[in-house]
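Student: What follows is the residue order along each chain.
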Amino acid sequence: MNRRLAVMMSGVAATALLALSPAFAQSKTEIRVIVAHYSDHTMGIFQGMESDFEAAHPDVDIKLEDVSWDNLQQRLTTDIAGGTAPDIAIIGTRWLLDYAANDIAEPIDEYMTPEFKAKFIEAFLEPSVIDGVTYGLPIAASARAMYYNKDLLANAGFNEPPKTWDEVVKAAQAVKDKGEGAYGFGMQGKEIETDIYWYYALWTHGGELVQDGKSGIDSEAGVKAATLYKSMIDQGLTQPSPTGSNRQDMESLFKQGRAAMILSGPWLRGQIKSEAPNLNYALAPIPVGTTQATYGVTDTIMIFKSSEHKDVAWQFLEETAFSDKHRVEFSKKEGFLPVMKAEAADPTFANDEQLQAFTGMLPYAKFAPLIPNWELASDAATAALQRIYQGQAEPQAALTEAAEKINEAIQE
Amino acid sequence: MALSVDRTAHGGATRMLDRTRTLPALLLILPSLVLCLWIIGYPIYDVAHTSLHSVNRFGVVRNFAGFANFEKLFDDPIFYGSLWRTILWTVTVVGGTILLSIPIAVMLNDDFFGRGVARVIVMLPWAISLAMTAIVWRWSLNGQYGMFNATLFQLGLIDGPVEWLASFDTAFPIEIAIGILVSIPFTSTVLLGGLSSIPADVYEAATIDGATGWQRFRYMTLPLMKPFLQIAIVLNVINVFNSFPIIWVLTQGEPANSTDILVTYLYKLAFRYGRLDTAAAMSLIMFAILLLFTAAYIALAARSTEREA
Chain D
581 MNRRLAVMMS GVAATALLAL SPAFAQSKTE IRVIVAHYSD HTMGIFQGME
631 SDFEAAHPDV DIKLEDVSWD NLQQRLTTDI AGGTAPDIAI IGTRWLLDYA
681 ANDIAEPIDE YMTPEFKAKF IEAFLEPSVI DGVTYGLPIA ASARAMYYNK
731 DLLANAGFNE PPKTWDEVVK AAQAVKDKGE GAYGFGMQGK EIETDIYWYY
781 ALWTHGGELV QDGKSGIDSE AGVKAATLYK SMIDQGLTQP SPTGSNRQDM
831 ESLFKQGRAA MILSGPWLRG QIKSEAPNLN YALAPIPVGT TQATYGVTDT
881 IMIFKSSEHK DVAWQFLEET AFSDKHRVEF SKKEGFLPVM KAEAADPTFA
931 NDEQLQAFTG MLPYAKFAPL IPNWELASDA ATAALQRIYQ GQAEPQAALT
981 EAAEKINEAI QE
Chain F
7 MALSVDRTAH GGATRMLDRT RTLPALLLIL PSLVLCLWII GYPIYDVAHT
57 SLHSVNRFGV VRNFAGFANF EKLFDDPIFY GSLWRTILWT VTVVGGTILL
107 SIPIAVMLND DFFGRGVARV IVMLPWAISL AMTAIVWRWS LNGQYGMFNA
157 TLFQLGLIDG PVEWLASFDT AFPIEIAIGI LVSIPFTSTV LLGGLSSIPA
207 DVYEAATIDG ATGWQRFRYM TLPLMKPFLQ IAIVLNVINV FNSFPIIWVL
257 TQGEPANSTD ILVTYLYKLA FRYGRLDTAA AMSLIMFAIL LLFTAAYIAL
307 AARSTEREA
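Those protein sequence lines, which keep their order, are chains D and F.
Its first residue numbered 581, the first sequence is counted upward by one per residue in this note's numbering.
Its first residue numbered 7, the second sequence is counted upward by one per residue in this note's numbering.
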């Protein structure tokens, strides 16, 4: 008796579910968002946005997907090729040109009111503009600065951070001569951003990545920059064999108090806070050769042209993702720079002296040029630098060869 | 005479039986045959199609390109470098694996106290994923805080940090050594299987006739193991030729592409540079190379069964 009742009950329940679920699915607008994994906080922040937006718009279902940066480009291209592109995704701004040229990114100028546009810090909106058309909003921004170990430099007789590359060489030499086993200057020579680590020197010697549609890495400034780094390696002012150190390896040296100076971004502050809270360090601008420069990076959040609900997707961005509340939370937890004026005015950022070391450099920040085949150009430069650092090639020869390869890639 | 007549009659009966059964049998396996052909054939068709067209990062096929993608590859010095290193990598890893696996298999085949445990220890690394093994090695080999340098330092063999993965000269041999290490479990299992199929009384007879240990190994064990060695070599070649995780995790083909092999460069072409068309051309070339090996495998297998029969 009981069993028959149970069967009947479950039958009724199943019928009810069958009847109800398609109705639910049809009435809700689904927005798929691919979230790049910045840190373990990222999904939490976006889940907050999701619940806020869904509370205000009960007919919308935001679907978040967490994808690591290593897999992001591959994942998105596969999705696009397979016709299952999401509605919204975070991408590296340096990829945007490919997305715009292939008609995948939706231009957002029509959606953006002048008031909304005015809320952004102009410099960060700019990188997502191609030929006067805006293809996305800056979701994250960072600039790079020099981290220096106050104790190591003070012991070596430097109470002020070096301002020029000449002073960096002198200070690094002094740290080495002190013989405490610490390296003067951390040098990156392996994996992602090896080229960027050298672009700092290229830019501050007056060079450009792209000049008149051609690679500028083999310019006089480029050769000077490569010669400078190579001579520092040869004199033992950096850690030995830098082609074995990727960014994390080099940052670990700094966190352990074994490198006096390194160039890095705002994320390192957060890591030092949790991993090496007693490290006595400070921030200074990127050293100067002939001019001041730093690397400015933005990531873009974009809407896909293939999306069936572009209006709702935009609404999600404007109302929630770029609301003051969520912006402050995002930049604070992830350790990025504010991209909106309201964020910058928030006490968390306005009273943060260290952060001002980064924001102070924004006026002369260089952003990655919007060229096709950026990754290929980046790898070509990295390979040339690795040959120079290992002493397998002279700076001029290696850089000229890489520049020719890059020129081919740009002109494609 | 009678025998031969008998055989023909028997053969005729089989053929009769065949004819009535072939059609239904074919019909029965047809669905799986079609599925197999489709699963194997379609990707090959797709890659071939891609390799002859200009295809953008997002897989949109644009125009017919003829052999332009192959030409691009043949103009690329990194392709030749990777090809040469792939051969070096495959030959040394497979060669080293076989050379080390034979004595290991022979030892494990002998009866000794704790043989079961020893076998488990040799097989155990097989259970760990390649990527994980590679990551552990990468940590161990770290120049500044790796276990490897710490040990060498304490033994007084080095007096400062050595970055093992910083140049081809040290990185590639280390990658080969790790490649050998992870291939040993599979290979020695195959060889051990071969050894245990050799009856022990053959050895007893040889020992009574005065054969030394080396003679028994050289003139009995090795020839009897030949089919197993051939299988181990060919399967390892296919496996090692396509092996991606060790090199990718340890060096990503760096510094300056000096540790790239075909499969790591293929990954960069396809997923980093978005050159799906050139990458397709390259995988076709790799497919052709492996096809040669597979043909060799089938020929070897056919020859050894023929000899056994």
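Please note that a few of the clues may not be correct.
Said to hold, decoys possible - BS3-like cross-link-like pairs, simulated, lysine-lysine; straight-line CA separation at most 30 Å: (1) K794(D) <-> K730(D); (2) K78(F) <-> K985(D); (3) K794(D) <-> K756(D); (4) K78(F) <-> K794(D); (5) K921(D) <-> K905(D).
Simulated from the structure, these hints should not be mistaken for lab results.
Student: Each of the hints needs a verdict: does it hold here or not?
Tutor: Verification of the supplied hints:
no., hint, verdict
1, K794(D) <-> K730(D), "violated (41 Å)"
2, K78(F) <-> K985(D), "holds (13 Å)"
3, K794(D) <-> K756(D), "violated (39 Å)"
4, K78(F) <-> K794(D), "holds (21 Å)"
5, K921(D) <-> K905(D), "holds (13 Å)"
Against the hints set out earlier in the document, violations occur for numbers 1, 3.
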